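From just these sequences and the hints, can you work out the full model?
In order, the protein sequence lines correspond to chains A and B.
Mapping of the first sequence onto full-length UniProt numbering: position 66 corresponds to residue 66, and the numbering continues sequentially without gaps.
Mapping of the second sequence onto full-length UniProt numbering: position 241 corresponds to residue 241, and the numbering continues sequentially without gaps.
Please keep in mind that the hints were generated in silico from the structure rather than gathered at the bench.
Only a predicted model underlies this, so the values are computations on that prediction, with no experimental measurement involved.
Careful, some of the hints might be misleading.
Unchecked claim - List of simulated lysine-lysine pairs, BS3-like, C-alpha gap at most 25 Å: (1) A:Lys286 - B:Lys381; (2) B:Lys71 - A:Lys58; (3) B:Lys71 - A:Lys327; (4) A:Lys381 - B:Lys286; (5) A:Lys71 - B:Lys286; (6) B:Lys155 - A:Lys286; (7) B:Lys132 - A:Lys155; (8) A:Lys132 - B:Lys189; (9) B:Lys155 - A:Lys71; (10) B:Lys58 - A:Lys71; (11) A:Lys444 - A:Lys386; (12) A:Lys132 - B:Lys132; (13) A:Lys168 - A:Lys413; (14) B:Lys132 - A:Lys189; (15) B:Lys155 - A:Lys132; (16) A:Lys155 - B:Lys155; (17) B:Lys71 - A:Lys323; (18) B:Lys286 - A:Lys155; (19) A:Lys58 - B:Lys58; (20) A:Lys372 - A:Lys386.
There are 2 protein chains.
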Amino acid sequence: MSSMLNFSVSAAVEGTEAPPIPRAQAWGVEYLENPSYGELLGLSQGVPGTAPHESVLKALSAVSADPLSAKYGPILGETALREAYAEEIRVQYQLSPSCKGKGGVTGQDIGITTGCNMAFLTLIMALCPAGKSSVLIPLPSYFNQMMVFSLQSVKPIFVPCDTTNAFKPSLASAREYLSSPDRQKEEMKPKMICLVSPNNPTGSVYTHEEIKEWYDLAKEFKVALILDETYRDFVEDSNGDRGIPHRLFEEEDWRETLISLGSFSKGYRIPGHRLGSIIAGPALLKHLTTICDCMQICAPRPPQIALSTLLPSLRPDLTASSKALSKRRHLFEDVVNSVEGWNVASIGGYFAYVSYPSDYSFASSTLGLKRKNLTSEDIAKILATKVGVVTLPGSFFMPPTSDDEAWENDVLKGGEILREDKWLRFAVANVGDDVILKLGPRLKEMNKLMGLGE
Amino acid sequence: MSSMLNFSVSAAVEGTEAPPIPRAQAWGVEYLENPSYGELLGLSQGVPGTAPHESVLKALSAVSADPLSAKYGPILGETALREAYAEEIRVQYQLSPSCKGKGGVTGQDIGITTGCNMAFLTLIMALCPAGKSSVLIPLPSYFNQMMVFSLQSVKPIFVPCDTTNAFKPSLASAREYLSSPDRQKEEMKPKMICLVSPNNPTGSVYTHEEIKEWYDLAKEFKVALILDETYRDFVEDSNGDRGIPHRLFEEEDWRETLISLGSFSKGYRIPGHRLGSIIAGPALLKHLTTICDCMQICAPRPPQIALSTLLPSLRPDLTASSKALSKRRHLFEDVVNSVEGWNVASIGGYFAYVSYPSDYSFASSTLGLKRKNLTSEDIAKILATKVGVVTLPGSFFMPPTSDDEAWENDVLKGGEILREDKWLRFAVANVGDDVILKLGPRLKEMNKLMGLGE
Chain A
1 MSSMLNFSVS
11 AAVEGTEAPP
21 IPRAQAWGVE
31 YLENPSYGEL
41 LGLSQGVPGT
51 APHESVLKAL
61 SAVSADPLSA
71 KYGPILGETA
81 LREAYAEEIR
91 VQYQLSPSCK
101 GKGGVTGQDI
111 GITTGCNMAF
121 LTLIMALCPA
131 GKSSVLIPLP
141 SYFNQMMVFS
151 LQSVKPIFVP
161 CDTTNAFKPS
171 LASAREYLSS
181 PDRQKEEMKP
191 KMICLVSPNN
201 PTGSVYTHEE
211 IKEWYDLAKE
221 FKVALILDET
231 YRDFVEDSNG
241 DRGIPHRLFE
251 EEDWRETLIS
261 LGSFSKGYRI
271 PGHRLGSIIA
281 GPALLKHLTT
291 ICDCMQICAP
301 RPPQIALSTL
311 LPSLRPDLTA
321 SSKALSKRRH
331 LFEDVVNSVE
341 GWNVASIGGY
351 FAYVSYPSDY
361 SFASSTLGLK
371 RKNLTSEDIA
381 KILATKVGVV
391 TLPGSFFMPP
401 TSDDEAWEND
411 VLKGGEILRE
421 DKWLRFAVAN
431 VGDDVILKLG
441 PRLKEMNKLM
451 GLGE
Chain B
1 MSSMLNFSVS
11 AAVEGTEAPP
21 IPRAQAWGVE
31 YLENPSYGEL
41 LGLSQGVPGT
51 APHESVLKAL
61 SAVSADPLSA
71 KYGPILGETA
81 LREAYAEEIR
91 VQYQLSPSCK
101 GKGGVTGQDI
111 GITTGCNMAF
121 LTLIMALCPA
131 GKSSVLIPLP
141 SYFNQMMVFS
151 LQSVKPIFVP
161 CDTTNAFKPS
171 LASAREYLSS
181 PDRQKEEMKP
191 KMICLVSPNN
201 PTGSVYTHEE
211 IKEWYDLAKE
221 FKVALILDET
231 YRDFVEDSNG
241 DRGIPHRLFE
251 EEDWRETLIS
261 LGSFSKGYRI
271 PGHRLGSIIA
281 GPALLKHLTT
291 ICDCMQICAP
301 RPPQIALSTL
311 LPSLRPDLTA
321 SSKALSKRRH
331 LFEDVVNSVE
341 GWNVASIGGY
351 FAYVSYPSDY
361 SFASSTLGLK
371 RKNLTSEDIA
381 KILATKVGVV
391 TLPGSFFMPP
401 TSDDEAWEND
411 VLKGGEILRE
421 DKWLRFAVAN
431 VGDDVILKLG
441 PRLKEMNKLM
451 GLGE
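Pasting the structure below:
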């Protein structure tokens, strides 16, 4: 019991890490008090860097003036938006418009939520009884998802990503885990496999073939496959055009296994309006309606109404954003890989996962620090406060406790290399190419500061 | 496992009742197919009946055109809105503007959520570990709160309301329960007392003195007092003006025990924009920030920015709404009480709890029904489908199972009379006085239909 409160707070909440982004932003503020190298380069948060399309702002303004938008709407979203969004999904995933057979996606398969974090929490509440559930999830993991597991007392079983193969998660480890005799009882089986593609934090983009293997695994072991596709609008094909994220919606029985989450925050650049989506079969959406009624009643209505007629007209804008971001990612790779000791390990969507020079970890003496073996958080802090480049350390995406025993218990085999903790997440979407160009000289200054190459 | 799904849905979710409002609305649709007595009188849902103030619509429109509002905002709300709302609370509760001492309310005590249901769920997540918690709550109870308990595996212990005293909950029963030797161990003690005033569903408005007794009880037994004040803008003083809901914020140490929930949906008539509030001490808000980050990231930004400068100018509008509603409640009482056998048992805020003629329960033969002892759901359905008056039956606000054993187990003593199940909830806020006037003849038609007074 906190000394300030006359009642007790749940241990699960007490034990959940605070949101980490404000911590990184505080480092940036520290730099700004003594900006040695010019402006702060804010590469920590995955937010759109530009304003919404002019037509979206116009529609939002017009709709908000209408008293109708101030009323409650349907729990799972405006019918018009659900229909319109289903059509966007059919176009992007190149599905037959008639949705013949059971494959395809219709408005009945769409639920609109107040952002994608809420969509994820809703699913955890729907499928994972607190204190009695586990889920399979690749490591590194998005911190908000780990926070949800902690808050809801759900145990994550981490599937290690292959650091030498663009941070793809190990299907073999997951299969071995699911196949173990201990896991055959219903109550010992994970409730779901959670994938994020394009990934947060690593930027890794899984191919259709890879996602299909996970789908088949989920199907075989009768667990749900949750695919967080927040960054689906930034999947690139071999020409740099907007690509097809996967072909699972063509499966006749996808609704029995797959749940796909999405966001309007990134593609349409309206995070402040809070709109996300769940694509799932009506048999599951029925249950999610009950949860959503208790959580949101309905998602905010004005952006729903505003977008419901605009979506087809925004396709060229999505394509243009996707191409611009693709160009920026290539520029980022060129810039970062050209600096001694820096290496882009994986990149895609909004993010890049980058390793810094291995000597950094041992730079304590150069910096006059007492501690040896600097962590990624140490490095991220130095990078932000000293040279004004704000990123998130890889440690923000690792389990909160990582002593040997906890590691053995929580992380499937093959992941030891992740303990090297030598990565930083760069968000590349919220800045212009000019900022990326300034990054090269800053990283070189960082190398100097850390005693490298002198 | 549902035959349509290849994975299992949590038993807590499977076992939670679906949102009941759509069921009642379906009855209204059935009436509209054969509207014998004219228009449908929709008195089921607690929603504002008129448009937001013109200045609110204007500000919402202007703010939504600004790309800034499309960006993420702070997790617990815009600083400007938190400050402005604290000032509104100080004005409404007549607190000293300087907030000297620890009493009073400041912006630091305010958290902005995506509606009040979300505020409530956030608190249940914060204070009630799933599967190991109980809460004390008056019966009848708001169904969304009961659904949250069910979803999160929290056990409600129902404190019966006194049907002969405006549905005030029995403090003595609650005290006896908390004092029982079995309840002295921390893990056997309820985590909180939840009150709603003005109440949903009963309309009962608790006086300051009554609320203070509950506060003292919570303090004595070291549990939290959650006060849902969604309808706080419609508390009326003896002159019919906007009254002071309670004086707990004057207590020097209120932050150690009290948590007050609110909504912008009713007073400002913007439910579709989804804004709610939590008033609590910073020691608790720190934990709620972690949960809110995982649930909402931030509440929708445009209504927050729009309202942050408007609130003081809207006070006359709030007063006018409150007075109009007060007049409507008096009209409603006159109309309903003048019909034979109908009686307004309690009324306040948005709702009235009304008993129908006792002979109704035995009207099966008149209606040609086989079943005897008609429930309030039967009566509400007949009232809606036959004479076009849509209300919610009292059974929607009772425990889902009410067999003798469950009742004994869940409801504290003194509540047997509630099993008579002879009440209907009328929402009086969303219709004009003209609709209330039409209600009298309809209730008389209902009496005829049920074989009364012929």
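Verification of the supplied hints:
1. A:Lys286 - B:Lys381: 23 Å, holds
2. B:Lys71 - A:Lys58: 16 Å, holds
3. B:Lys71 - A:Lys327: At roughly 23 Å apart (the allowed maximum being 25 Å), A:Lys327 and B:Lys71 satisfy the hint.
4. A:Lys381 - B:Lys286: 23 Å, holds
5. A:Lys71 - B:Lys286: The hint is violated at about 31 Å.
6. B:Lys155 - A:Lys286: The given pair, whose Cα atoms are some 24 Å apart, holds under the 25 Å limit.
7. B:Lys132 - A:Lys155: Answer holds: B:Lys132 to A:Lys155 is near 18 Å, not above 25 Å.
8. A:Lys132 - B:Lys189: Distance of about 23 Å is within 25 Å: holds.
9. B:Lys155 - A:Lys71: 33 Å, violated
10. B:Lys58 - A:Lys71: Holds, because 16 Å separates the two Cα atoms, which is no more than 25 Å.
11. A:Lys444 - A:Lys386: 12 Å, holds
12. A:Lys132 - B:Lys132: Holds - the C-alpha atoms of B:Lys132 and A:Lys132 are around 13 Å apart, at most 25 Å.
13. A:Lys168 - A:Lys413: Cα-Cα ~14 Å, so holds.
14. B:Lys132 - A:Lys189: The hint holds at about 23 Å.
15. B:Lys155 - A:Lys132: At roughly 18 Å apart (the allowed maximum being 25 Å), A:Lys132 and B:Lys155 satisfy the hint.
16. A:Lys155 - B:Lys155: 23 Å, holds
17. B:Lys71 - A:Lys323: Status holds; Cα separation ~22 Å.
18. B:Lys286 - A:Lys155: Between B:Lys286 and A:Lys155 the Cα gap is close to 24 Å, so the pair holds against 25 Å.
19. A:Lys58 - B:Lys58: 14 Å, holds
20. A:Lys372 - A:Lys386: 19 Å, holds
Of the numbered hints stated above, those contradicted by the structure are hints 5, 9, listed in ascending order.
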